[in-house]
Amino acid sequence: MDLLIDGLGQFGWNDLIEVTIITYLFYRLLLLLRRTQAMRMVWGLVVLGLFGMFANLVGFQTLDWLLSNVYAYIVIAIIVLFQNEIRRLLTQLGRTAYFRSMRRGADIDPVDEIVTAAVGMGANHHGAIIVFEREMSLSQYAEGGIALDATASYDLCVSIFNPGAPLHDGAVIMRQGRVAAAACFLPLTRNPQLSRELGSRHRAAIGISEETDCVALVVSEETGKISIVFDGQLSRGLDPVALAERLRELLSLDDLAVEKEEIKIAEKIPQAHPVEGMGK
1 MDLLIDGLGQ FGWNDLIEVT IITYLFYRLL LLLRRTQAMR MVWGLVVLGL FGMFANLVGF
61 QTLDWLLSNV YAYIVIAIIV LFQNEIRRLL TQLGRTAYFR SMRRGADIDP VDEIVTAAVG
121 MGANHHGAII VFEREMSLSQ YAEGGIALDA TASYDLCVSI FNPGAPLHDG AVIMRQGRVA
181 AAACFLPLTR NPQLSRELGS RHRAAIGISE ETDCVALVVS EETGKISIVF DGQLSRGLDP
241 VALAERLREL LSLDDLAVEK EEIKIAEKIP QAHPVEGMGK
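Residue numbers (this note's numbering): 1 to 280.
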């Protein structure tokens, strides 16, 4: 008890600042790992630590010696196992809520723009797949594509998925209302019960929705129909207004401060026009 009191007596402002910084870093790291596969590794390390404390308390000398030697490599193991999460943590340290709110205030409505673009691409039979990140991180898929971090707009989406564009072969990943990356490759579903009529885009959308909690929007190149995929379930044949409402419901975009209460996408949809070099 006296040792504890002496330790608290020597606890100064420098120690308080140091503890605060370390706590904040661990908190941010846990937020990144939440609901990801890496979180299972974190729980494994926690269980290993508790098991080591139990071995020391009971007096299992051999097991205690073994775990003590393992602890020396824990830091290196954490860096190796969580290198992607640590890198994302470092890149996000400067992204405060204040700057995000300023940026959001200047942004246009991403759902409105994407739905309008999807309808236009469907009319011209341009295939597309757009994946919306929710709570589970899609960084491992975004890092395999081309990083953009651009405002989601009709022109950008149509340009990306133009058949002659270099980025059209792959998926667009949306994060916090912005286009995070394009030309991203996604895992295909292995569900044997799916119809053989579904192409690679629909199978990729179902596959990524089975592994994460994302929402995927797919435009069929063959039929021009637009589908939404969530939790492995495919919804097809939605009209523009129902499509936008469904996206808002799944994404819970109340924090984007969209001024319009009703979406009037039909007024913004351009007329379908033939594409040069393509047959009817």
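Keep in mind the hints are simulated off the structure, nothing from the lab.
Every residue gets a Cβ at the ideal spot worked out from N, C-alpha and C, and that includes glycine.
Be aware that a few hints might be false.
[Stated by the list, open to error] Restraint-style ranges between C-beta atoms, simulated for each label pair:
hint : residue 1 : residue 2 : range
1    : L30       : S200      : 29 to 37 angstroms
2    : L25       : E245      : 38 to 46 angstroms
3    : A165      : Y24       : 36 to 44 angstroms
4    : A165      : E245      : 26 to 34 angstroms
5    : T151      : I22       : 18 to 26 angstroms
6    : D149      : Y73       : 48 to 56 angstroms
- [ ] Check each numbered hint from earlier against the structure, then list the numbers of those it violates in ascending order.
- [x] Of the numbered hints given earlier, those the structure breaks are 5, 6, listed in rising order.
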